[in-house]
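K.L.:
Start from the sequences and build out the full structure, keeping to the hints where you can.
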Amino acid sequence: MLGFTSKQLVGVGIFLFVIFIGVPLIINATGRWDFYFTLTSVALLAIASAGVWLTFYIGRINIGQGAFALIGAYVSAILVVKAGWSFWISLPVAGLFAAVVAILIGLPILRLRGVYFAMITLVLTQVVTLTALALPITNGAKGISNIPLPSGISLLGIPILPDFAGMENTKLAFYFTACIIMVLTYAALYRLVNSRLGHLCRSMQQNEELASSIGVNIAYIRIVIFAISSFFGGLGGAMFGSIAQSVYPSSFQVADSVNFMLNCFLGGLGYVFGPMLGTLVLYFGWDLLFEFGKYQMLIYSTILIIIIRFLPNGLLSIRFDKGGDK
Amino acid sequence: MSPLLQVKNVTKKYGGLTANNAISFDVAENEILSVIGPNGAGKSTLFKMIASFTPTTSGEVIYQGERISNLKPHIVARKGVVRTFQETTIFKSMTVRESVVVAQHLRAKASLAGYFWGSKTAKDDVTAFEKYADELLEFLGMSEISNEQASNLPQGSLRALGIAIGLATDPKVLLLDEPFAGMNHDETMNMVKLVRSVRDERGVTVMLVEHDMPAVMNISDRIVVLNFGEKIAEGTPSEIQSNEKVIEAYLGSVDDEIGM
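Sequences listed follow chains W and R, in order.
Okay, so the first sequence: first residue is -8 according to this note's numbering, each after it adds one.
Okay, so the second sequence: first residue is 11 according to this note's numbering, each after it adds one.
Treat the hints loosely; a few may be bogus.
Residues on chain W that point at chain R, a partial pick, calculated with CB under 7 Å [claimed, not checked]:
# : residue
1 : Asn130
2 : Leu188
3 : Leu201
4 : Ile205
5 : Val207
Result set (EDC-like, lysine to aspartate or glutamate): computed pairs, CA atoms no more than 20 Å apart in a straight line [said to hold, decoys possible]:
#  : chain 1 : residue 1 : chain 2 : residue 2
6  : R       : Lys102    : W       : Glu200
7  : R       : Lys130    : R       : Glu140
8  : R       : Lys82     : W       : Glu199
9  : R       : Lys82     : W       : Glu200
10 : R       : Lys89     : R       : Glu70
11 : R       : Lys58     : W       : Glu199
12 : R       : Lys102    : W       : Glu199
13 : R       : Lys203    : R       : Asp231
14 : R       : Lys58     : W       : Glu200
15 : R       : Lys203    : R       : Glu154
16 : R       : Lys89     : W       : Asp278
17 : R       : Lys23     : R       : Glu41
18 : R       : Lys203    : R       : Glu188
Keep in mind the hints are simulated off the structure, nothing from the lab.
Ideal Cβ positions, reconstructed from N, Cα and C, are used throughout, including at glycine.
P.N.:
In structure tokens, the structure reads:
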């Protein structure tokens, strides 16, 4: 089915079972309701990280995903609060808006390679933060708060999506929504990487000159990939704004952009599902080290250095041989 | 018959340095033409301009009546003029077969969206690519190494892989950059045979830049000689061998030799 081996299908089945049935059961049994918020955050950060991973796939280091997450969050918030749109329509629009911005910014900066591209993207988050502070529509430092919860959608009288405001347990609803979007994101990413576009990306990652000599329009593919990457960023950011019910210029900072990149490194740049695992480990790793108080950062960074030293291909390289799972 | 490719008054200047000065020659269909010259004569620059990897300062390159200089490399490749590189320029972490499959993407009939959703056309494309890759690798005598990672290959096989990648794009003109460099006599002879068969059996016009004189004399129909960015001679191997300007360029003038 869809080119999957039976082993992969079993793996996907177990994964879906765990996130949609296993996790709610465990949380119900233990009563740790706060875990829903944590896991929802992980899912949303994993969506944005998927975008960063994709830019790595064409050989560009992207430290600017926070900028596109922030753009997505603001676009969705403005459309919902000021224009009265339904959140569910604002969500894809936020992603598309981020993609359009990525195309405009990408046209000049995607010519740069290596550390030069990384440096420019590092600045982007700060630029968007400052823009949000300056523009009247984003409400400056006060940001946009009191964003209503997503309302329901019904088609011809049949409810398709429930009204979140009328729910007893919005945490569970957000968790499921985030997980569904994450699964769709990674399914799309998997297809993309295994299709011709993915192969062209790989050829560009390994040698742009040779790629153009075999007729690959490298400038075009770079823009397409950067736009898709930023679409994921906008999507994740918009969802975040909706859950927090507020967006501020500081909602996504340079540190967040760096984390999106670290998630990819940690999980493994050679594996589609690397950024998902990386996000989970990085997010929980930081929280688990909380008890160490002032030594938290020291221990955390030491562990990261050790992992990068001994597992340069990421955590997933323990399980798979090189190029095993694409 | 009009020539397949024409180089017309092509000049390239880098600041004050003239790498190529008003170079003109024609390439006929189905010939093997070598561009030779001492180091720094401007051979590689000329190749880059023909494949549009760098713009010309003045002059133009005409292919089948169309100007192909000062375009983007991928557009020139799509028209059928494809260059190969020296051995370090490969897709390192792909296997030989994967490289040849990916290089065929110009033949794709399905759209990128079709590939994403796995349409029938896309599946047919992939089957056709893989079939042709196997055929091509067999033709080049590379079937045994088709599943090797490119980064693990020895130098000679890397050259052949470069040619395989170039051929996979289905070119009309193939520009080979030093295909014999660093090879011993036997390897060179094999490569000469291979390049000939590319021309004879695939109908590809071949241009090559090369230092290995015996190989060049053996393989070429015609030779263009550059020195200090100028074309100093053009002709058949035997004409070039007896050309005094060429001998002078390679050996230094008689006066220099005896220090007078």
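K.L.:
Has the given pair, Lys102 (chain R) with Glu199 (chain W), been kept, meaning a C-alpha gap of at most 20 Å?
P.N.:
The given pair, whose Cα atoms are some 12 Å apart, holds under the 20 Å limit.
K.L.:
Within 20 Å, alpha carbon to alpha carbon, are Lys23 (chain R) and Glu41 (chain R)?
P.N.:
29 Å, violated
K.L.:
Hey, Lys82 (chain R) versus Glu199 (chain W), does the alpha-carbon distance stay inside 20 Å?
P.N.:
Holds, at roughly 13 Å.
K.L.:
Verify the proposed pairing of Lys89 (chain R) with Glu70 (chain R), using a straight-line Cα cut of 20 Å.
P.N.:
16 Å, holds
K.L.:
Keeping to a limit of 20 Å between CA atoms, is the pair of Lys203 (chain R) and Glu188 (chain R) held or broken?
P.N.:
15 Å, holds
K.L.:
Would you settle whether the hint for Val207 (chain W) is holds or violated, based on the nearest Cβ-Cβ distance to chain R being less than 7 Å?
P.N.:
6 Å, holds
K.L.:
Below or equal to 20 Å on CA atoms is what counts here, so check Lys102 (chain R) against Glu200 (chain W).
P.N.:
The given pair, whose Cα atoms are some 13 Å apart, holds under the 20 Å limit.
K.L.:
Taking only the CA atoms, is the gap from Lys89 (chain R) to Asp278 (chain W) under or equal to 20 Å?
P.N.:
Since the Cα atoms of Lys89 (chain R) and Asp278 (chain W) sit roughly 57 Å apart, the hinted pair is violated (cutoff 20 Å).
K.L.:
Could you grab the alpha-carbon distance between Lys58 (chain R) and Glu200 (chain W) and see if it respects the 20 Å cut-off?
P.N.:
Holds - the C-alpha atoms of Glu200 (chain W) and Lys58 (chain R) are around 11 Å apart, at most 20 Å.
K.L.:
Is the interface hint for Ile205 (chain W) satisfied, with its Cβ closer than 7 Å to some Cβ of chain R?
P.N.:
At 4 Å from the nearest chain R Cβ, Ile205 (chain W) passes the 7 Å test, so the hint holds.
K.L.:
Given the hinted pair Lys203 (chain R) and Glu154 (chain R), is their alpha-carbon gap at most 20 Å?
P.N.:
Judged against 20 Å, a Cα distance of about 19 Å means the pair holds.
K.L.:
Mind checking the alpha carbons of Lys82 (chain R) and Glu200 (chain W) for me, to see if they're no more than 20 Å apart?
P.N.:
Holds, because 11 Å separates the two Cα atoms, which is no more than 20 Å.
Hints 1, 16, 17 from the earlier list are contradicted by this structure; the remaining hints agree with it.
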